[in-house]
Amino acid sequence: MKNNIKYLAILALGLVACESEFDNPIDEAGVYSSGEADFSNFVALGNSLTAGFADNALYITGQENSYPNILSKQFALVGGGEFTQPLMADNVGGFAGQTATFPPRLVLAFDGEGNPGPAIYTGAAPSTNITANLGASFNNMGVPGARVYHLGFPGYGALNPYFGRFASEPNATVIGDAVAQSPTFFSLWIGNNDILGYATSGGVGVDHNVTGNTDPSTYSPQGLDITNAGLFESTYKALIGALVSTDAKGVVLNLPNVTTLPFFTTVPFAPLSPLDPSFGPQIPTLNATYAGLNAALAFAGVPERAISFSASAASPVVIKDESLEDVSADLAIALAGTFGPLAPIVAAQYGQARQATANDLLVLTSSGIIGQVNQERFDELVGLGLTPELAGQFSVNGVTYPLQDQYVLTPAEQSSVENARQAFNTTIATVANDNGLAFYNVANDLTQAASGGIPFDGGLITSDFVTGGGFSLDGVHPTPRAHALVTNGIINAIEIKYGATLPSVNPGDYGTVTLSNDVGAN
Amino acid sequence: MKKLLLLVLFALVTLVTYAGGYRVSVQGQRAMAMGHTGVAVVNSAELVFFNPAGLVYLENKLNISAGASGIFTDVIYQNSDLGISSETDSSVGTPLNLYGSYKVNDWLALGLGVYTPYGSEVTWPTDWAGSHLVNNIELAAIYIQPVVSIKLSDKFSIGGGPIYVTGSVNFNRNANRTLTDIDGNRSNITVDDSGVSNWGWSISAMFNPTENFRLGFNYRSEIILEAEGGEATFSNFPNSPAVPANGTTTFDAELPLPAELSVGLSYQFHKKWLFAFDYNRQFWDVYESLDIQFGTGTTSLNTRNYKNSSVYRFGLQYDATSKISLRAGYYIDESPVQSGFFAPETPRNDSQGYTGGISFAITPKLAIDASFFYLRFEEVNESYDFYQENGQNVPFSGTYKSSAFAPGLGLTYKL
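Line by line, the protein sequences are chains A and B.
Be aware that the first sequence starts at 2, since it is given in the working numbering, and climbs by one per residue.
Be aware that the second sequence starts at 243, since it is given in the working numbering, and climbs by one per residue.
Errors might be hidden in some of the hints.
Among chain B residues calculated to face chain A with C-beta under 10 Å, some are [to be verified]:
no. : residue
1   : N321
2   : I424
3   : D425
DEER-style ranges, computed between Cβ atoms [unchecked claim]:
no. : chain 1 : residue 1 : chain 2 : residue 2 : range
4   : A       : T448      : B       : S542      : 50 to 60 Å
5   : B       : E621      : A       : T448      : 34 to 44 Å
6   : B       : D627      : A       : I497      : 25 to 35 Å
What the hints contain is simulated information worked out from the structure, not anything from laboratory work.
Note that the structure is a prediction, hence the values are computed from the model and not measured.
A virtual CB, placed ideally from N, CA and C, is assigned to each residue, including glycine.
Whole structure, please, built from the sequences with the hints as guidance.
As structure tokens, this is what we get:
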């Protein structure tokens, strides 16, 4: 019996469970490396792109899919520490009770006919308290809306609740709160809003590279102006100076061409189709009416501005181009015979009008108003003495009432934006080089997305609105999938500069736009 | 004594196996201990499974064998390009078997078996990198089989009988790689069905050229489990007409339990020593695709394209004392999964099995049987290349390594 027990005991040794183990487990040292960099305390600075803002709002899943957060997970394999973010309270976005200024996110909804389109999510009300302060120590310091000069502006938290949420004190600066965390590694992607606000508003603001104004306190409080390039340079240098003062290493990103964003490329310049039942039948009448105006334009010496609509192809919208010479006075004379005392009113409407060309960019927000009666203009015309019938005829956006400045980025305005961007990018590349920082030319990648697409394992990522997978429903901010691309670009730049070895992420594992029909009545 | 120790060591260090796909070869404690050989071993009522023809050669009138094993499996996955890794939840499968035989007269024996030759239990972390292929799966099939064993001569017998199978499945995976509801919860689908039954059969023969040498043959038919009207649950889908609605619907699917052919021999080369060899051929090529048809009209097609596979089994038995028998075995198990079809729901590549075991006779009638096996898989770089997104194949690849360990206990009673 003793022997029998011995055999059983020996057999029992075999019962020790066997765990599988790889020859080269990725969580062991030697597979990846941080090179010369130290990712133990990574702080990300920037604007909405860094914060994870998408679909016109900041919400939790957008923050979780922000490129700094994705990056931090790769850093974690080579000594990266915890990465904290000032998370919103929900996935609705916006602030409680502030839906006019901070509306909830957009979702992709289908209307009754099955057509998809962006719509404001109404499945729940925003619950994030606009005044709550979460504390000052967050690794993601991205502040939606921030321009280059905002990061060093004391008291910016009072102007921008997205910073107010985690400012250390009322007079805090973003850069001060970042440096106070003693980052060992930082990222900085700033300057987009210094041109974007001007562009998305169709160039209604002021280009301070023309005015030479370097005092940001006098700039448009709505962020409609283009920042002066000299101001950009001095501010950017100061920001980097502060960040490298503690010997931190870092990566900086340049600014992509905003005019390739779907916000500017989705609405065609010639959207007026003769097949549209609400437009096509009116073409003969419209052309007959415009014939009179075209004669007047010829009289005014600008026959090239003649307006007509094709019965066989889609026609360009009529826009107001404020760079054109205003010929209202000549028009008023020429039109007096037809319109009598109303001639000056009609003349004023077309003094700087022309039809759009392929070089004009219509903003995304124009898609809902083209062909619709402009109520404001209608009321105005009625007030000026037109009959409601006539007022209605002269108030159709883009057809009889030229699309106003905020809906069109004309070639002259595009040049202002592009010149500023080039100047800013020169500064960014130079400062990165002077300070020995990693530099990611994200502008190149966006160009590729806009001109053919960037391949991934599930197809192509392009700049096409909704279907391209790169841009969220606001047409400006990236999707999680595009954040994954940016992450890979940054990783590549870090590997080159600091000799690190890091795994990339698979963009196919990251989503694009969010579906929901919780959008109220539509 | 020295010999005994050597044998035990052999049992511990040699390789043993179970089988590829979702075949779980643990159909008897005594056979298991000998590398799961048994088509030509006349030893216990385990013959109901291994070779019913041999039952008639058992010495006793009544033979009963019962046993259960706990299978501890561990699968790890990593993709070093992406820095991701996952490990399955150490699930415990418990294959059971119960066999009885009764010798009616000198030339006729009847038997009954209940056993679980197919099953799978794999639980990955929810929402892991391959969650669009599987989060977790649990398959089980219980075979119930009456058999008849007829001795045609002292050298030759035949056997066989019908098989009734009842099976169940529970399978959850995410809808695709990215779809979520508004809060980022991954959209997923669970299919669940049980009591799925069908019939099959087995036929066998045994030939004893000499007193110490036996040859065996056994063939078990293919059985297709057809789930009809099972329950499919859609969860965390966003509220949108573009995707399925949350809630339950029905599903139909077919899962083949492939046919298996076994041939083998046993040789009693010493009074106390028995050697056995089995060759199994498993006809996995029937498993071409796992197609799930939902009640909503949508279909999920999952190419499997398995190939037929072979298992080579070697076993040794040593009757150490009148009360104790020691056993050891080794087997080489080919995976039916072809390269490029390596789906993480059955992450099996070729493996080697090492088995061992002991029987201890408490009384002349009753013995305790213990067995174990350890299944060793080589690390493998593999992918499943047939997952589609927008009509494009999106491979899921990485490095896998598996191991399985199963201790088991059983009782043998003879009268």
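Against the structure, the hints come out as follows:
1. N321: holds, 8 Å
2. I424: Result: holds, 5 Å to nearest chain A Cβ.
3. D425: At 5 Å from the nearest chain A Cβ, B/D425 passes the 10 Å test, so the hint holds.
4. A/T448 to B/S542: 50 to 60 Å: violated, 39 Å
5. B/E621 to A/T448: 34 to 44 Å: For B/E621 and A/T448 the Cβ distance comes to about 42 Å; the hint holds.
6. B/D627 to A/I497: 25 to 35 Å: With Cβ atoms ~32 Å apart, the hint holds.
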